[in-house]
Every structure is written in C-alpha cells, then in structure tokens.
Amino acid sequence: MMTDIRIDVAVIGAGPAGVAAGIGAREAGAEHVVVFERDWDLGGILQQCIHPGFGLHTFKEELTGPEYMHRWIERAHGAGVTFRTNTMVFRMEEDGSFWTMNPDEGIQHVHAGAVVLGMGCRERPLGAIRVPGSRPAGIYTAGTAQRFVNMEGYMPGNRVVVLGSGDIGLIMARRMMWEGASVEGVFEIMSWPGGLRRNIAQCLDDYDIPFHLDHTVTQVHGKDRLEGVTVAKVDANKKPILGTERFVACDTLLLAVGLIPENELSRMAGVQIHPVTGGPVVNQCLQTTRENVFAAGNVVIVYDLVDWVSAEGYKAGKNAALFALDGLPKATRRFDVRGGENVRLFSPQWLSDQEDATIFLRVTKPIEQRCRVTADHGLFSKTLRYARPGEMNEVHIKAEQLRMLPPDVREIIVDVEEE
Amino acid sequence: MTERETRKFICVSCPVGCMLTVHMEEGRIVKVEGNACMRGEAYAEAEVRNPTRVFASTVKVSGGLLPVVPVRSRSAVPKEKLFDIAREVARVVVEAPVKIGQVVLVDVCGTGVDIVASRSLEAEEKRAG
Ligand SMILES: Cc1cc2nc3c(=O)[nH]c(=O)nc-3n(C[C@H](O)[C@H](O)[C@H](O)COP(=O)(O)OP(=O)(O)OC[C@H]3O[C@@H](n4cnc5c(N)ncnc54)[C@H](O)[C@@H]3O)c2cc1C
Ligand code: SF4
Numbered sequence: 001m002m003t004d005i006r007i008d009v010a011v012i013g014a015g016p017a018g019v020a021a022g023i024g025a026r027e028a029g030a031e032h033v034v035v036f037e038r039d040w041d042l043g044g045i046l047q048q049c050i051h052p053g054f055g056l057h058t059f060k061e062e063l064t065g066p067e068y069m070h071r072w073i074e075r076a077h078g079a080g081v082t083f084r085t086n087t088m089v090f091r092m093e094e095d096g097s098f099w100t101m102n103p104d105e106g107i108q109h110v111h112a113g114a115v116v117l118g119m120g121c122r123e124r125p126l127g128a129i130r131v132p133g134s135r136p137a138g139i140y141t142a143g144t145a146q147r148f149v150n151m152e153g154y155m156p157g158n159r160v161v162v163l164g165s166g167d168i169g170l171i172m173a174r175r176m177m178w179e180g181a182s183v184e185g186v187f188e189i190m191s192w193p194g195g196l197r198r199n200i201a202q203c204l205d206d207y208d209i210p211f212h213l214d215h216t217v218t219q220v221h222g223k224d225r226l227e228g229v230t231v232a233k234v235d236a237n238k239k240p241i242l243g244t245e246r247f248v249a250c251d252t253l254l255l256a257v258g259l260i261p262e263n264e265l266s267r268m269a270g271v272q273i274h275p276v277t278g279g280p281v282v283n284q285c286l287q288t289t290r291e292n293v294f295a296a297g298n299v300v301i302v303y304d305l306v307d308w309v310s311a312e313g314y315k316a317g318k319n320a321a322l323f324a325l326d327g328l329p330k331a332t333r334r335f336d337v338r339g340g341e342n343v344r345l346f347s348p349q350w351l352s353d354q355e356d357a358t359i360f361l362r363v364t365k366p367i368e369q370r371c372r373v374t375a376d377h378g379l380f381s382k383t384l385r386y387a388r389p390g391e392m393n394e395v396h397i398k399a400e401q402l403r404m405l406p407p408d409v410r411e412i413i414v415d416v417e418e419e
Numbered sequence: 001m002t003e004r005e006t007r008k009f010i011c012v013s014c015p016v017g018c019m020l021t022v023h024m025e026e027g028r029i030v031k032v033e034g035n036a037c038m039r040g041e042a043y044a045e046a047e048v049r050n051p052t053r054v055f056a057s058t059v060k061v062s063g064g065l066l067p068v069v070p071v072r073s074r075s076a077v078p079k080e081k082l083f084d085i086a087r088e089v090a091r092v093v094v095e096a097p098v099k100i101g102q103v104v105l106v107d108v109c110g111t112g113v114d115i116v117a118s119r120s121l122e123a124e125e126k127r128a129g
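Each protein sequence line maps, in turn, to chains B and A. For what it's worth, the numbering used here labels the leading residue of the first sequence as 1, then goes sequentially. For what it's worth, the numbering used here labels the leading residue of the second sequence as 1, then goes sequentially.
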C-alpha cells in the first residue's frame, strides 16, 4: 500500500538538530510538524555518547548525551512535535517531497510545506585512508565500538590501538580502559590533536595512554583476527619515514579519522553540496539552494559542541515554518562568504540582508598565540588567545550591518590572523 | 627556605580546556594563571588536593529494550577510585523499566556519591509495537 501525506514541516532525523528543528517549527506557528527517524529510538548519535560533556551552554551544567537529549525530547513533546520512529527516508525528489518506509505503514510519500534535513554525519572508514594489509576482524570506527560498548553491552577487544585523535577516539580510549582493556597508544598523522585539548588531558593523560603525533598506521596484520599494526613516524609531507616502523600488538584498531556529513538524500533533492564542508550550501537561515529545503547540524558542517547543533536546528525549524507559512523575509541583497588564508572551512556560505548571522569556521592549522577572528568591511573582530582546528570559532554579524554595506559589496571575507 | 613549586594542568571543566599554571608554596596554592574563568581556580585547587572526575559507564539490564543502560556518578568522585568504582558498577544488574535519574548503586565505594541511570529504558515488549 502507498499513501500520500501532507504536513506543514517535515524533519528528517531525530538527533539534536532534528529534535530542536521540530520545536523551532512548532514555536514559529507551524501546525503539523513531523520528525522522521529511522531508528526505534529518538536522540541520534547522542544516545551512545554516555560521557558527560554536553549542554554547558544550554543548561549551565554538563550532562551526558542521553540526559541532554532527554531534556530536549521532553521539550519537543511539550511543544506538540510528532515523531515517527522506525521510519527510513529512502528517497527524496527535486520538489522536496520524499518517500518513507516503515514496517507498519509501508511506503509513504510525504509532501511538506518545508523540509529540514537533519541526517547528521557518519565516520570515515578505513577504506577512505588507504592502509595496506588484509581486513581481519577487530577493526572498527570508534563510533561503532562506542555503540557496541554503550548500547549493546559488548566489548570489541582487550588490546586497543587508536588511529586518529578525534574526540570519539579519545573518549573511547578512556571507556575501554574503564572496561578493563589496555590501550597501547593513540597515533595521529597530523602535528596537532584532532580532538579537544581537555579530552587529551582527561582521556589519555589521566591514564598514561601514550599519544604520538606525526605517526600513522602503515599496515595491519592478522588473517582472521587482528594481531597487530605497524606504526611509523611521518615526514612533513605525511609520508612514512623509512626505519621508524615498529610493530604494536593489538586485537582491536579503532579509527577516529574524521566525520563526513551524510548527504545522499540532499543530493537527490538537487541541493548544492559544498566541496569542502561536504554539506549543503546554506545561508544564515539554514536555507539550502532549494528554497523549501533547510538543513542543520552535522549534515551541514561537523560541529564540536552539541549546543550549537541544537541552536542551529531550532533556527532551521523556525525558518522552515516561516517559509511554509509564507512569512520568511526574502533577501534583497546577497553576500557570498569567503574564507581567508587561515580558514579551512566555514558555514554558512552566503548571507541574506534579512537576518542576523553567525558564521562558524575552523582554522587550517593551530595558531598558538593571540590572534583575531575577523569579517572584513569592519563587520566583526574578536581577539582570541589561540585558534585550533579542533575548536570552531564564530563570527557574529547583525542584519543592520549588512544592510548598511555600500551597494558594491558582494563578498565578505572571514579570517583568523595573528596579532 | 620556602619550598616553591609550579604545576601545570589542563582545566577540564569546560570545552575551552585552559592550560593552568599553578604556583605553590609549602604545598599551598599562591597563584593560578591561564584560567579564563573562576572555575579554573576551583579546578586547580581540586587537582592539587583531591582530583575528582565524573564516572560514566553502563550497567546490565534484565528484560530491557537494550541489554545495558547508561549510568553516571551523580557528582564527581575521587580519581584514584575510578577503577574500583568501575569494577563495582560492572556487577550491578537492574530490572527494566529504568527511569532516568533512578539510583542504581548507593554510596559507591564509600565515596558518598550515588550511581544513577542517565536514560530511561522501557521493558522489552514495547519495542515490537
Ligand atoms: C560516533 C559519533 C560520536 C560522537 N560523539 C560526540 C561527542 O562525544 N560529543 C560531541 O559533542 N559530539 C559528538 N559527535 C558529534 C555529534 O554527532 C553531534 O554533536 C550531534 O550528535 C549532531 O547532531 P545531529 O542531529 O546533526 O546528528 P545525529 O545525532 O547523527 O542525528 C541524525 C539522526 O538522523 C537519523 N537519520 C539519518 N538518515 C536518516 C534517514 N534517511 N531517514 C531517517 N532518519 C535518518 C539518524 O538515525 C540519527 O538519529 C559524535 C558523532 C559521531 C558520529
Ligand atoms: S578555566 Fe574556565 S574557561 Fe578555562 S577550561 Fe576551566 S572552566 Fe573552561
């Protein structure tokens, strides 16, 4: 059986972004707001992030992932958001309508006044980083291992090596220690850590777990089960240095080598994807290049604080509702955002003159001294004690400031410069 | 002669992760540098006297939608007791349904701190529906 359903705002994914989008849409006046989630559970990836560290900005205390989501889900129920779990969105059309599959209701074609994409991100697998050797059991992304341990109650192994120093890998190193495993080391190809410095301190240093910068895994060993890895130091071009190889025995290799926004559906909808962020090109209203499709959270750009994901989700939901109700102010001027020399990636990519804007950016490499994050034309300037790729920086610009720019200004450059 | 010492810590009280330099005399803190807010001073004080951390893990559940449910120490516990606490928490089995905030272990390892569930979990039947 196949049915058509018509609603005001549809949200895809019930992670922090999607749940907040549902609330934002309801609070902006949309009547029928439905969040579609493929899992049986609400909350997205945060349900497996059982360590504290979430919500300091929103709730003024540090909660675990499930506690943080519990509060938002309660709020969503209170706001009258409808959730459909066990419901996979498997196809999206260029008009923004999409198809869902659910074991009870079968296939449905959903038409909404506006859609918010909140599919999150996935982890980069080993295939993406070209390590030679067979593929024995015992190699997992850190997030898969996190799900095993924290939700399935299953320990993937006893002697662990972590490749990459993203936060999930650091958190998992500590988690595996607490569960009785030994962690032989964390190896990072870059000259600086991928994750937050506090996670280096509280997950590695606290337990004397060795941390090796400028190192990578050059080979994996073992036929059926992983028996060890070869690690080596790398040179400035990230090529392994001959003679520095050594064997590290382990039965588990965890990969914490980065996250990629999940955008199959966005592509089907014809939404333009940015080559560097890997997420949709959006403006500060979180509107994509398809005007009835909005996007928020890790599907747009990988954030490091869930508080920002929730805030952006709320904004996307609110603007989607306004769009559906014909109340979203149309841009009268448009400014393209560009990143300066020290900026690796940023979002949003363009600004309308109708709304205040926050631009999130990451630097290319660490600047370990006083520096300044700026937007040109005198729009923004803030002094920072340092800037690191693992920690996002923000630029705030008011709509009035944008409207007052001379008519020939069509571009805004954001950058981080040493003082 | 006064005994002077400088120690360095990374404050883990928030995601900023300030690098703290703690100047000590006769085992007492005389000055903390590098902290961007007052919580950094409190952290330095605790790191010197009695370092504490919040513990988070899972416990087994019988008859639940998932085989385990996440738990945490309600507040921070002494760092040196973390592994004892981990062993004690590993022995706990709770029965579904579990409610968020529910105490699963009172006064863990004599710390005076309870271990509480950090999510709600329904009993198994419900998942099928
Ligand atoms: C393994 C892992 C661990 C992480 N750990 C941390 C951490 O410790 N601290 C931290 O601050 N951040 C962490 N992050 C980053 C984290 O993803 C964000 O902080 C936050 O969860 C992002 O929220 P989101 O709503 O954008 O995405 P998600 O939480 O990923 O939610 C996306 C939701 O969309 C659903 N979905 C996707 N596609 C479809 C579809 N086609 N149909 C229906 N539903 C769909 C998914 O099932 C999921 O529930 C982690 C990320 C990953 C991948
Ligand atoms: S000193 Fe303040 S700002 Fe710095 S890490 Fe500690 S709590 Fe955060």
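Keep in mind that the hints were calculated from the coordinates and are not lab data. Please read all numbers here as calculations on a predicted model, not as lab measurements. Beta carbons: idealized from backbone N, C-alpha and C, even for Gly. Some hints could be false.
[Said to hold, decoys possible] DEER-style ranges, computed between Cβ atoms: (1) B/396 to A/28: 38 to 46 Å; (2) A/87 to B/59: 28 to 36 Å; (3) A/62 to B/71: 26 to 34 Å; (4) B/75 to A/4: 30 to 38 Å; (5) B/224 to A/62: 27 to 35 Å; (6) B/378 to A/107: 57 to 65 Å; (7) B/358 to A/5: 40 to 48 Å; (8) B/394 to A/21: 22 to 30 Å; (9) A/21 to B/210: 22 to 30 Å; (10) B/358 to A/87: 42 to 50 Å; (11) A/87 to B/154: 41 to 49 Å; (12) A/62 to B/147: 43 to 51 Å; (13) A/21 to B/358: 46 to 54 Å; (14) A/28 to B/210: 27 to 35 Å.
[As the list claims (entries may be wrong)] From chain A, some residues computed to sit far from chain B (all C-beta separations above 12 Å): (15) 5; (16) 6; (17) 10; (18) 19; (19) 42; (20) 45; (21) 57; (22) 107.
Each hint tested on the structure:
1. B/396 to A/28: 38 to 46 Å: Roughly 42 Å apart at Cβ, these two residues keep to the hinted range, so it holds.
2. A/87 to B/59: 28 to 36 Å: 31 Å, holds
3. A/62 to B/71: 26 to 34 Å: Taking Cβ atoms as reference, residue 62 of chain A and residue 71 of chain B lie about 27 Å apart, which means the hint holds.
4. B/75 to A/4: 30 to 38 Å: Given range 30 to 38 Å: violated, Cβ gap about 52 Å.
5. B/224 to A/62: 27 to 35 Å: 33 Å, holds
6. B/378 to A/107: 57 to 65 Å: 59 Å, holds
7. B/358 to A/5: 40 to 48 Å: For residue 5 of chain A against residue 358 of chain B, whose Cβ atoms are near 43 Å apart, the range 40 to 48 Å holds.
8. B/394 to A/21: 22 to 30 Å: With a Cβ separation near 27 Å, residue 394 of chain B and residue 21 of chain A satisfy 22 to 30 Å, so the hint holds.
9. A/21 to B/210: 22 to 30 Å: This hint holds: roughly 24 Å between Cβ atoms.
10. B/358 to A/87: 42 to 50 Å: Holds - the Cβ-Cβ distance for residue 358 of chain B and residue 87 of chain A, about 45 Å, lies within 42 to 50 Å.
11. A/87 to B/154: 41 to 49 Å: This hint is violated: roughly 19 Å between Cβ atoms.
12. A/62 to B/147: 43 to 51 Å: 21 Å, violated
13. A/21 to B/358: 46 to 54 Å: About 33 Å separates the Cβ atoms of residue 21 of chain A and residue 358 of chain B, which means 46 to 54 Å is violated.
14. A/28 to B/210: 27 to 35 Å: 33 Å, holds
15. 5: 19 Å, holds
16. 6: Since the minimum Cβ distance to chain B is about 17 Å, residue 6 of chain A lies beyond 12 Å and the statement holds.
17. 10: 4 Å, violated
18. 19: Incorrect as stated: the minimum Cβ-Cβ distance to chain B is 8 Å, not above 12 Å.
19. 42: Holds, since 14 Å exceeds 12 Å.
20. 45: 17 Å, holds
21. 57: Answer for residue 57 of chain A: violated, closest chain B Cβ roughly 6 Å.
22. 107: It holds; residue 107 of chain A is separated from chain B by about 20 Å at its closest Cβ, greater than 12 Å.
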